[in-house]
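S.K.: Could you build all of it, start to finish, from the sequences and the hints given here?
Number of protein chains: 2
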Amino acid sequence: MSLNAVLSRIDNDLPGALDRLMELLRIPSISTDPAFKADCARAADWLVEDLKSLGFEAASRPTPGHPMVVAHGGSGGRHLLFYGHYDVQPVDPLALWHRDPFDPEIQDTPKGRVIRARGASDDKGQLMTFLEALRAWKAEYGTLPCRLTIFLEGEEESGSPSLIPFMKENAAELKADLAMICDTGLFQDTAPAIVTMLRGLLGEEITITGPNKDLHSGMYGGAAINPIRVLSRILGNMHDDSGHITIPHFYDGVTELPDAIRQQWQSLAFDHARFLGDVGLSVPAGEADRTPLEMIWSRPTAEINGIWGGYTGDGFKTVLPSEAHAKVSFRLVGQQDPFAIRDHFRAWVRDQLPADCKVEFHGHGAGPAGHMSVEDPAFEAARAALADEWGRPAAYVGCGGSIPIAGYFQTVLGMDAMLLGFGRDDDQIHSPNEKYDVECFHKGIRSWARLLARMA
Amino acid sequence: MSLNAVLSRIDNDLPGALDRLMELLRIPSISTDPAFKADCARAADWLVEDLKSLGFEAASRPTPGHPMVVAHGGSGGRHLLFYGHYDVQPVDPLALWHRDPFDPEIQDTPKGRVIRARGASDDKGQLMTFLEALRAWKAEYGTLPCRLTIFLEGEEESGSPSLIPFMKENAAELKADLAMICDTGLFQDTAPAIVTMLRGLLGEEITITGPNKDLHSGMYGGAAINPIRVLSRILGNMHDDSGHITIPHFYDGVTELPDAIRQQWQSLAFDHARFLGDVGLSVPAGEADRTPLEMIWSRPTAEINGIWGGYTGDGFKTVLPSEAHAKVSFRLVGQQDPFAIRDHFRAWVRDQLPADCKVEFHGHGAGPAGHMSVEDPAFEAARAALADEWGRPAAYVGCGGSIPIAGYFQTVLGMDAMLLGFGRDDDQIHSPNEKYDVECFHKGIRSWARLLARMA
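For the protein sequence lines, the chains are W and R, in the order given. Mapped onto our numbering, the consecutive letters of the first sequence carry residue numbers 1 to 456. Mapped onto our numbering, the consecutive letters of the second sequence carry residue numbers 1 to 456.
Among the hints, a few may not be true.
[To be verified] If the Cβ cut is set under 7 Å, some of the chain W residues that face chain R in the computed set are:
| no. | residue |
| --- | --- |
| 1 | GLU169 |
| 2 | MET219 |
| 3 | VAL254 |
| 4 | LEU257 |
| 5 | PRO258 |
| 6 | GLY280 |
| 7 | MET295 |
| 8 | GLY310 |
| 9 | THR312 |
Keep in mind the hints are simulated off the structure, nothing from the lab. For glycine and all other residues, C-beta sits at the position ideal for the given N, C-alpha and C.
M.R.: Shown next, in the form of structure tokens:
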């Protein structure tokens, strides 16, 4: 019995592991849309059954939203908690998918075999890498590698409204020595990476109302205020010509990158041209004095994620609508306070509102930026294990996305978190035709086996 | 046999006239949405049958779009052409309707009885006032009052793409001494009005593309351009702080109102506060140095009639979309050239486009402003007939809407047009819960009987 036997078992059972992942991918667990509530519960139940088959005591635990999957198993060694999420992003625009997003398929592509489906990479494929590593370990050794808690969320893609209350209510049960979070990617597709900086996220929905009903633009056009015009004007002012965000106090708490980190990032030789070129772009859109890597890892953003108002169907309608809407989000860094920024944004919008217009705001989740401590020796053990599998040292990197759970493990449970994962930049997460490379899935499983061997 | 007998017959047959209108209103003839193509044809067929019952030779005439209804009848006197349109606006947002827009109902309201349905006022109720007047006339006299051509369009609410080709192909058949167009309203609800100035209309649909696919705003936010941000910024610049439109050359051909017309309009004692107050507003939104009446009758506009992009469903999605869209329209006055303005608008958008973005335009109809001659003695006859019915002299007024057909009768058929109708400002045309006052319908029918008696 040895790590090599576990790795061989993983190699031999890859078809079975893919079949299990495809079963999970067939469940359309879109958490943000209430129409898929039963599917979210079904995905949780599927995971509970799978965890039970690995010897865990596992249960789907109710929340006001979608259930949490919590499982306990193994004994001895360090007590590790593993976190992933079983919910997925919506699939619109559906017309751009080449097949049903919930009918997964293994496809041959010029860059290798991929698993194509919504959630293949974010996060069902990633979370299954850990469970498959445990499955091989258990088959080989007859036990789990150490004391383990599995904690799988179903609201990660919709602002995690139940997460903090659930963690607080179950703090004693959930507390472990270290949390492992598998929801991030490789660096430039081939280098394993551990994320130490995460951006925070603030979501705001804004509705501007002008006339008390939709009007005919012939009868009223020119005299009556058009809320789409007001909304466009306000949101069009959110950036200046150099990409700087104009909301007063927005940059409060934004710190400059320490020289040591800047130098480390420069040594990563990030391919800026390829990063933008992959998505059909060539000119960085952020602040003119920053590199794209700084823009996405260390600078805050203000983005309009959705806008709608008036007539949006086929043809034309000369309507002057009563309402216009937008969904706006901010990625936060350093010590930016999401609640202060919410207040500053709302005040800034109100200050620009013409007489006669009303505005309503609806908050959609708010989390600060995350900064991971790497003092726990498990981090160096993980880097070594990852280097064994990938043939390259693991890099400490930033992440432009927001994984608030890492901060919550620190603030709510007093537990450090290690973020690592095996996604690639071209996985098209949150987009049509999401995929996960079979190579990433396979080597991800092997990576966890190596990590557990060194850390447990 | 006398006009009074015709008027009595109209009074007595009002319930029957309302029943017939409700039959027509039950047909959802939304011309802009291809899903309702068969319903448009059905509305045309219904009118053909009704016209045949009045003794007309009538037919539904095919076009590349929706059919034209053309009917000929009567003899002697002046040859009058009557124009109306049987198509209606879309009904969204459907949730704001208090009942099915195509299940018409007579309702008692504090301001009197109304016919509630999409198209009740614009334009099915209005066009039926003319047909009902003919019905009473025919019943009383046994013949139609004079030589008449009826010309009913089914594409008025979707840019009239087939209109000019059809008029050109059938010019000899359609030419009459004078056109009567029933698609306008009373002045301030009680005074009959004949429209002598109409604004033109230009429609443009714009699509801005940034990244070649939807992106995750965590992975790319800050570095990748967001087309909603670009679209908002461009459209937000379309007006300056004083409401002036900033597109270069936009005001070419805009003439100042002649003093005589300005004085006449001032004498109308338009209630500006009530006009805006009726729709929940108090501050005119147009150019700061103009009155609301000038804004809607004599000044051009630039309006965003629809905008959409990114995620617009329930919840939140941190997407950075590939595309953003808007429908923009311009109301035109004086000698503004719609085709020149289309070019100026497109150039102005392109000039503001960031490096990595593309823009596509789709034109949605273009017609210049209209200026009616009132030299034909029929205009004074009509004013007298309207004064008989309404107890107030008919005013010559402007109209903020665009009724391109009036200009086409002049330019294509060399025929003057008289625009009069019986709508009220609170009819909510193009909006949810459209209505037509039973009083307007009833007195509208009586008005046409009086006009025909004086003009035929």
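S.K.: Hints broken by the structure, by number, lowest first?
M.R.: Failing hints, ascending: 1, 3, 4 and 5.
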